[in-house]
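Sequence lines, in order, name chains G and H. Just so it is clear: in the first sequence, position 70 is 70 by my numbering, and no numbers are missing. In my numbering, each residue carries its 1-based index in the second sequence increased by 148.
Don't take every hint at face value.
Unchecked claim - Quick partial rundown of chain G residues pointing at chain H, CB under 10 Å, derived from the structure:
#, residue
1, Gly22
2, Arg25
3, Leu35
4, Trp112
5, Pro114
No lab work stands behind these hints: they were computed from the structure. Glycine included, C-beta positions come from ideal geometry on N, C-alpha and C.
2 protein chains.
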Amino acid sequence: MTGPTMEELSAEACSRLLATQGIGRLAVNAEHHPLVIPVNDAVDGTTIVIRTAPGTKLAAADHADVTFEVDEIDRRTRSGWCALVRGVAEEVGPGHRADLVARTEATGVQPWAPGGHGRWLRLIPTSVTGRRIVPGELPPAVDPRAYL
Amino acid sequence: MTGPTMEELSAEACSRLLATQGIGRLAVNAEHHPLVIPVNDAVDGTTIVIRTAPGTKLAAADHADVTFEVDEIDRRTRSGWCALVRGVAEEVGPGHRADLVARTEATGVQPWAPGGHGRWLRLIPTSVTGRRIVPGELPPAVDPRAYL
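Chain G on its own, in the form it takes in the complex (with noise of 0.2 Å):
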């Protein structure tokens, strides 16, 4: 039997996870705080696309560095993994270059929120890292030496 354990997770590792839920946290600093929203997104190569809705958190993002964080719990084992990409993060809209538009909505992101009015951010990593914890092994239920 052995304890829980924390494990460092590399840049590789923290990308593929991000690619695999299409939803995590967007923090901002606006209103003297650490903002935190739930927001949907997509990975473009090393870019991760984000749709959020108009406001003073979008404002906030553009232009400035923002924290996006993706995580995966598992309240029964009390285990999970979590990356947290740091970057700048800009918005995308008609004053971009038409490629950058398409490749930016062809990600296809659907924001989950009602109404249809997400705009589209992009957010340029400068780095990612995440961590586990992975279960403590318990006990097997049989012993195994019974067979030998």
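Put chain H on the given structure of chain G with help from the hints.
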């Protein structure tokens, strides 16, 4: 058949939901970014009690404006709720009144991360906001008028 709807949650509803998870995400400003880390928590009255490992993020959280985000997301129905607590955090240590230390530790928050070195942090909320996406309703499988 109706589409999904978004509703704002009252502070009371958020507080009730916050107490259901035992895990959330602490956001602090450090290293020029709003850093987000999953942490274990419990509620002590209106205060959120958090355990987290010592280090840069804890140092940045102590006596600082932080947020604490909790959500529950259902990817199948593309719905869920999120609550965001804004407030000020303070690390609890030997310099505090014994009764405050005692009631903090009495919450029994256990960090999932191995090592057992989780420090105690109290987050005093200044505001609590949240919202919920309610999935759309599908038409009933059987037309109820068939029974009239």
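Evaluation of the provided hints:
For the restraint placing G:Gly22 at the interface with chain H, the shortest Cβ-Cβ distance is roughly 7 Å, inside the 10 Å limit, so the hint holds. Annotation: interface hint on G:Arg25 holds; nearest CB of chain H at approximately 6 Å, less than 10 Å. Checking G:Leu35 against chain H by beta carbon gives a least distance of about 6 Å; that is within 10 Å, so the hint holds. Nearest Cβ of chain H to the Cβ of G:Trp112: about 4 Å, under the 10 Å cut. The hint holds.
Contact between G:Pro114 and chain H, as hinted, is supported at the beta carbon level, the nearest pair being about 5 Å apart and thus within 10 Å.
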